[in-house]
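> Each chain, written out:
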Amino acid sequence: MRELNSMIPLVKNETIKMIKKKRFYVILLVLLVLVPIFAYAQLRAAEEKRSKFGADWRREVQQAITDNQNSLGSDRVPEEWKKYRQIYIQQMKYYLEHDVNPRQPGAVAFTKEFLDNAATLFIPLLIMGIGSDIVSSERTSGTIKMLLTRPMRRWKVLLSKLITLLMFVSLIVVSTFIVCYLVSGLFFGYKGFNLPVFTGFKLQGADVDITGVHAVPQWKYILMQMGLIWFVSSVVAMLAFMVSVLVRSTAASIVIMMAALIAGNILTNLASSWTSAKYLFMVNLGLTQYLAGTPAPIEGMTLGFSLAVLAVWGLASLFVSFLVFTKQDILN
Amino acid sequence: MSKNNSTSRIWRMTGVLSLLSTLLLIAGFSFAVKDVIFPQAAQINGIPDQNKTGLPEEAPGSLPSDSKELSVTAIGDSLAKGTGDDSGKGIARRTVELLKEQGAESKLVNNLGINGLTTEGLKHLLDEKGVQYSLRQADLIVLSIGGNDLFDGAQNLQSGRQLPSEQELEQSVTQASEQFAAAIAKLIEINPQAQLVYVGLYNPFSDLPMMREIGDGAVARWNNIVTDILSDYEKVVMVPTFDLFAQNSAKYLASDHFHPNGTGYQIIAERILQSAY
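These protein sequence lines map, in sequence, to chains E and C. Positions in the first sequence are counted from 1; adding 329 to them yields my numbering. Positions in the second sequence are counted from 1; adding 245 to them yields my numbering.
None of these hints come from the bench; they were simulated from the model. Virtual Cβ for every residue (Gly too), placed ideally from N, Cα, C. Check the hints yourself; a few may be wrong.
To be verified - Ranges between beta-carbon positions, derived for each pair:
1. C:Ser251 <-> E:Asp385: 49 to 59 angstroms
2. E:Gln433 <-> C:Ala349: 27 to 37 angstroms
3. C:Asn469 <-> E:Lys381: 31 to 41 angstroms
4. E:Gly471 <-> C:Arg257: 51 to 61 angstroms
5. C:Asn249 <-> E:Lys656: 52 to 62 angstroms
6. E:Ser403 <-> C:Ala427: 24 to 34 angstroms
7. C:Gln347 <-> E:Leu361: 47 to 57 angstroms
8. E:Glu332 <-> C:Arg257: 49 to 59 angstroms
9. E:Lys378 <-> C:Gln438: 35 to 45 angstroms
10. C:Glu413 <-> E:Lys520: 24 to 34 angstroms
11. C:Pro454 <-> E:Glu376: 46 to 56 angstroms
12. C:Lys345 <-> E:Lys520: 54 to 64 angstroms
13. C:Pro454 <-> E:Arg373: 52 to 62 angstroms
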């Protein structure tokens with residue numbers, strides 16, 4: 330209990346520092362600028378579709394199925410893509426069969442799609458924005474000496490920084506949802522929390538096992554997405570945290586994390602034949618695809634596998650962070 | 246003092262909000278893990294039961310006649326799709342355009358043509374709810390099928406595939422015509438009100454000396470059998486294409502020597518209009 334009591338002022342101190350740095354406001358601002366742009370683009374796409382298919386989503390979905398079926402016959406389409414399309418066809422047929430519109434326009438649906446797309450790069454980038462300099466900035470500014478000359482154990486100082494970082498991870502994930510919902514509502518209306526989404530498509534090669542498919546209301550689906558994104562973001566935060574401990578310069582630590590994240594995005598598009606790549610953390614960031622039933626980038630990846638890989642990376646980076654921080658000499 | 250107060254307030258607010266967010270996210274995370282890893286535990290809920298019976302059974306033709314718009318749906322093989330037409334329009338879109346030129350309001354509901362579809366495939370396709378829905382919306386259904394049953398893989402001629410022999414063709418015609426009869430019955434059952442136009446077969450090999458005679462024979466036999474089957478139904482016509490490609494294959498066939506080109510499709514569309522309206 331005494332330990333905890335001594336932690337709270339430290340965390341408070343770190344939180345105030347974080348707020349004072351205005352990093353969190355910058356993130357909110359980025360969201361406020363970008364989300365309307367995405368929403369507008371989506372709106373235009375929807376309008377164009379409506380001019381072609383009228384209000385009849387069933388025809389649109391059926392045409393999408395037929396178009397994809399046609400591309401399956403073409404030898405020019407790589408096998409890998411065919412698998413994606415086969416799965417897509419079967420999912421769309423399932424939606425039609427149950428008379429549920431897979432792309433019902435609305436702020437909730439937009440948010441759902443945005444979260445799916447933001448999970449692997451955009452949100453991790455935001456997390457890096459606050460995580461990458463959380464230790465290294467103290468070094469750059471020299472304040473680290475002041476921090477460590479206080480009568481506190483070093484690990485407590487570091488732990489308080491980690492707790493603060495994780496607090497802000499949660500805040501960023503939740504505010505991404507809030508901004509996204511509120512802003513896109515202006516474009517699409519605020520309805521749609523109870524619309525059903527199908528989940529539980531099990532993939533076996535190019536076939537979809539639909540025995541486990543069930544409907545969840547959209548609010549629950551989004552909550553699940555956010556939970557998974559939160560897990561990914563926490564691991565990214567821990568990695569950024571480690572880099573921030575290891576590297577003296579803030580710029581360098583941002584570059585290192587950025588390179589890793591972008592490499593992950595490139596690898597997921599390329600790596601299907603290099604199967605060992607699945608043990609890299611950056612290939613496992615797309616946890617929400619397991620909900621949606623899109624095939625994992627590399628054969629044999631499951632939610633359990635990805636969670637385990639991410640957890641190992643996260644714990645390892647915490648271990649390294651604390652080990653290095655408590656042992657190393659602060660010279661300058 | 247007031248500065249101290251404000252930092253305390255910021256801290257309290259941030260602390261409480263982040264704690265609540267974290268709890269919410271942990272809940273979402275455990276829902277997700279449970280849902281993906283143990284999906285059996287989740288019951289089918291959220292959608293009302295009546296939805297599982299399928300798409301709404303709209304009275305055939307009722308919707309289009311309200312709007313006085315002539316709705317066209319194309320279904321079948323690559324000819325329905327429009328393969329070989331560089332403009333990508335195919336029979337269906339060209340028919341719609343011609344109708345519009347004549348002053349009739351018209352729109353394309355769906356083009357459900359799939360490359361390589363056989364009569365067998367068509368039968369399965371007609372079981373799909375979405376396909377049935379699109380067909381029920383139509384006043385005019387353009388059907389093209391049978392070519393792939395007879396000349397399967399003939400597009401791969403360049404890759405050195407064997408040409409079908411006379412006996413093989415004979416057999417294909419017999420088998421395919423049975424499937425065809427079943428498919429037509431299904432199609433009419435789905436939408437008895439619509440005008441159905443069947444695009445007859447032509448001999449894609451009329452420019453190949455050794456295949457000309459055999460192909461002509463098979464196609465003629467197919468077209469005869471099909472005419473016979475279709476004569477049982479009232480609102481069905483067959484549009485012949487055999488004559489178009491018999492002499493003028495260079496003019497009307499696309500560079501793959503199998504599918505019509507834009508001009509070919511245009512003429513077929515014109516014929517559809519002549520015979521159906």
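> Evaluate each hint against the coordinates.
Results of checking the hints against the structure:
{"no.": "1", "hint": "C:Ser251 <-> E:Asp385: 49 to 59 angstroms", "verdict": "holds, 56 angstroms"}
{"no.": "2", "hint": "E:Gln433 <-> C:Ala349: 27 to 37 angstroms", "verdict": "holds, 33 angstroms"}
{"no.": "3", "hint": "C:Asn469 <-> E:Lys381: 31 to 41 angstroms", "verdict": "holds, 40 angstroms"}
{"no.": "4", "hint": "E:Gly471 <-> C:Arg257: 51 to 61 angstroms", "verdict": "violated, 30 angstroms"}
{"no.": "5", "hint": "C:Asn249 <-> E:Lys656: 52 to 62 angstroms", "verdict": "violated, 36 angstroms"}
{"no.": "6", "hint": "E:Ser403 <-> C:Ala427: 24 to 34 angstroms", "verdict": "holds, 29 angstroms"}
{"no.": "7", "hint": "C:Gln347 <-> E:Leu361: 47 to 57 angstroms", "verdict": "holds, 53 angstroms"}
{"no.": "8", "hint": "E:Glu332 <-> C:Arg257: 49 to 59 angstroms", "verdict": "violated, 22 angstroms"}
{"no.": "9", "hint": "E:Lys378 <-> C:Gln438: 35 to 45 angstroms", "verdict": "violated, 28 angstroms"}
{"no.": "10", "hint": "C:Glu413 <-> E:Lys520: 24 to 34 angstroms", "verdict": "violated, 59 angstroms"}
{"no.": "11", "hint": "C:Pro454 <-> E:Glu376: 46 to 56 angstroms", "verdict": "holds, 54 angstroms"}
{"no.": "12", "hint": "C:Lys345 <-> E:Lys520: 54 to 64 angstroms", "verdict": "violated, 37 angstroms"}
{"no.": "13", "hint": "C:Pro454 <-> E:Arg373: 52 to 62 angstroms", "verdict": "holds, 55 angstroms"}
In this structure, the hints that do not hold are numbers 4, 5, 8, 9, 10 and 12, in rising order.
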